[in-house]
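Starting from the given sequences, assemble the full structure and let the hints guide the process.
First to last, the protein sequences are chains A and B. Counted from 1, the first sequence has number 376 at position 377 by numbering that gives the first Met the number 0; the numbering is strictly sequential. Counted from 1, the second sequence has number 122 at position 123 by numbering that gives the first Met the number 0; the numbering is strictly sequential.
Among the hints, erroneous ones may be present.
[To be verified] Restricting the straight-line Cα-Cα distance to at most 30 angstroms, the calculated cross-link-like pairs of lysine-lysine (BS3-like) are:
no., chain 1, residue 1, chain 2, residue 2
1, A, K427, B, K126
2, B, K65, B, K90
3, B, K65, A, K38
4, A, K38, B, K175
5, B, K90, A, K38
6, B, K126, A, K82
Quick caveat, the hints were computed from the structure, so don't treat them as lab data.
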Amino acid sequence: MSAEMERPVAGPNYAAAARDAVLAGVIALGVFGPLIGFKTEQNMNNQLVVENRWGIVIVIVAIVVIGRFLLKAFVFPALVTRKANAGPASTDESFFKRNFKTIGLAFLLLYPVIIVSMLGYQQSIKWVDNFGIQILIYVMLGWGLNIVVGLAGLLDLGYVAFYAVGAYSYALLSSHFGFSFWLLLPLSGILAAMWGVILGFPVLRLRGDYLAIVTLAFGEIIRLVLINWREVTNGSAGISSIPKVDIFGWITFNVADPTYIGKILDLPPSSAYYKIFLYYLILALALFTAFVTLRLRRLPIGRAWEALREDEVACRSLGINTTNTKLTAFALGAMFGGFAGSFFAARQGFVSPESFVFLESAVIVAIVVLGGMGSMVGVAIAAAAMIGGTEILRELSFLKAVFGPEFNPDQFRMLIFGLAMVTIMVWKPRGFVGNREPTAFLHEKKSVSGSLVQEGHG
Amino acid sequence: MASVALALLIVMVVSMVLTSLMSWTIERVAYRPLRGSFRLAPLISAIGMSIVLSNFVQVAQGPRNKPVPPMVTDTIVLMERNGFAVTLSYKQIIIMVVTAVLLAGFWYVVQKTPLGRAQRACEQDRKMAALLGVNVDRTISLTFVMGAALAAVAGTLFLMYYGVVNFSDGFVPGVKAFTAAVLGGIGSLPGAVLGGLLIGLIETFWSGYFSIDYKDVAAFSILAIVLIFMPQGILGRPEVEKV
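In structure tokens form, the structure reads like this:
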């Protein structure tokens with residue numbers, strides 16, 4: 000209490016807060032008023048008719064005014080006080096934090112088992128497929144792009160192109176030639192890596208915005224070719240009935256086959272087995288990506304990537320071949336994108352150019368940056384938070400009971416996704432995981448703050 | 000005709016004011032806290048904001064196309080031969096005139112006024128500009144306001160020309176605008192005009208002589224090719240590498 004009394008400004012400043020709140024209200028009226036207040040609808044004669052919805056606007060403006068007042072009057076002073084009173088941050092970490100990686104890995108391995116034992120096979124499909132597999136695909140993509148953006152410091156806004164190359168490689172080669180997934184997985188990785196080098200060559204000299212825009216353009220070119228080269232890719236209609244993955248031909252997941260998993264293991268037919276198998280497959284692929292990245296960071300090539308990110312000029316003057324360094328980063332990042340793509344095609348059984356729009360690239364870059372560039376755990380957390388979060392929004396059908404049957408929570412999914420991106424960046428510009436573990440060190444290994452790590456010029 | 004021109008002008012001014020206010024707010028909320036932070040943070044924030052804006056419009060105005068009745072319909076016949084006429088519509092003339100006027104206006108603002116000088120100073124060295132008494136925050140806010148006002152004019156002209164608008168219509172022009180700015184050289188106003196003209200011409204001629212399906216591929220490929228040989232864009236200043 001005594002600390003409170005000694006502060007120069009005692010108590011909240013209501014007058015200033017009220018002024019601020021009114022100003023915020025006026026701005027909110029300007030920003031939201033016209034777009035929400037008026038809505039145009041087509042009538043029977045295809046004419047636009049204006050509807051008024053000022054009720055919603057008043058509610059929004061009221062929320063903004065009250066929120067701003069509370070923030071200014073109570074929350075901001077409280078934050079200042081807390082900052083002033085905060086002691087030195089405690090250095091000992093909790094058991095959970097120290098063993099986060101082990102616990103996380105154990106959870107990932109046991110996840111389908113937990114879900115199946117809780118909900119049974121039929122009910123588990125949604126949780127294993129929409130949450131488990133979906134998140135792990137993005138974790139893998141995030142880790143693959145992390146090589147390019149996080150380690151080598153080259154901003155790639157067209158990463159989804161390699162994902163598309165992998166997906167179409169599997170889709171086309173398996174439906175036309177009947178090759179198996181296990182042959183096409185490495186092949187689509189190699190094809191994607193080849194495209195990575197094809198993109199890498201022209202952009203070697205570009206940096207910053209220029210690199211970003213050319214990679215973005217590359218992603219769009221691949222997508223547009225997929226849409227327009229109808230003879231091969233079937234255009235926007237996409238390729239459907241892509242064969243399922245099997246376990247090296249010994250066990251399959253088609254009910255009609257004599258080697259169907261249900262017949263071999265004497266289980267009732269269910270599509271849940273395939274989903275659980277896919278879950279472990281993508282988990283293995285993602286962990287393989289992580290393993291390769293962790294090992295590469297200790298090799299000269301990985302050190303060269305990070306040196307390139309820190310300072311390209313110094314890198315060159317020390318005799319590192321920046322051309323090869325950049326190309327290998329693009330190729331390896333692309334290869335993992337290709338793996339993820341072929342898995343995606345096998346999982347969906349259907350690919351179309353719709354799945355490879357720029358937004359996907361933006362989401363993957365966002366996951367890498369939100370996680371804290373270069374931090375593998377951070378990328379995984381970001382993928383789980385962003386993708387899992389938007390998937391959960393699909394499940395909020397109970398809100399229909401609150402807002403009436405017309406209310407559709409699904410339409411707010413991307414809106415909230417975008418808001419989350421902005422909020423997380425403003426709150427933690429360095430991403431979720433703020434420390435890095437260097438691979439080269441003197442005497443002892445210490446984590447360093449992420450703010451000491453450069454982000455590269457590319 | 001006069002009433003249509005007046006209506007267009009009013010719509011343009013109102014939309015400029017509204018988008019300016021929005022852009023100012025967005026700058027305060029999403030970009031200013033990240034100033035001086037690392038380079039990718041504002042980029043991610045900007046991508047997030049673009050997702051928010053288009054989805055906000057989708058939620059508020061519905062996902063369907065909004066057709067408006069044609070406002071300007073007259074055309075001038077330039078020449079006619081064998082029954083084929085070369086025409087120039089009033090809409091096209093309006094777009095060209097508005098673009099030319101705005102280009103002249105903004106060239107004047109950037110080159111001749113104190114605000115423009117402050118903007119160029121911030122572009123070159125933000126810290127030095129602040130030391131010399133330039134209000135960096137205010138300059139950047141005003142730049143965002145100007146950018147949004149220009150985008151509002153472009154949006155109004157787009158609706159006037161094509162007659163249909165949709166919540167997701169902003170994305171492709173946004174990417175093309177970025178492409179045009181990079182192609183012309185970032186930081187150069189004539190470069191932006193040149194870049195925009197080139198992108199438009201490449202697309203039109205490609206659709207005319209080759210295939211309309213691949214017009215975007217052609218535009219993006221030309222961008223990549225130009226940047227490989229001129230990494231600074233056509234009129235951009237070469238970047239000096241400081242050690």
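Tested hints:
1. Under the criterion of a C-alpha separation no larger than 30 angstroms, the hint pairing A:K427 with B:K126 is consistent with the structure, at around 23 angstroms.
2. Among the hinted pairs, B:K65 with B:K90 is consistent with the structure: their alpha-carbon atoms are about 19 angstroms apart, no more than 30 angstroms.
3. Between B:K65 and A:K38 the CA atoms are separated by roughly 11 angstroms; this keeps the pair inside 30 angstroms, and the hint holds.
4. Proximity of A:K38 to B:K175 is assessed by CA-CA distance (about 29 angstroms); at most 30 angstroms being required, the pair is judged to hold.
5. This hinted pair checks out: B:K90 and A:K38 have alpha carbons roughly 26 angstroms apart, not beyond 30 angstroms.
6. Under the criterion of a C-alpha separation no larger than 30 angstroms, the hint pairing B:K126 with A:K82 is consistent with the structure, at around 27 angstroms.
The structure agrees with every numbered hint stated previously.
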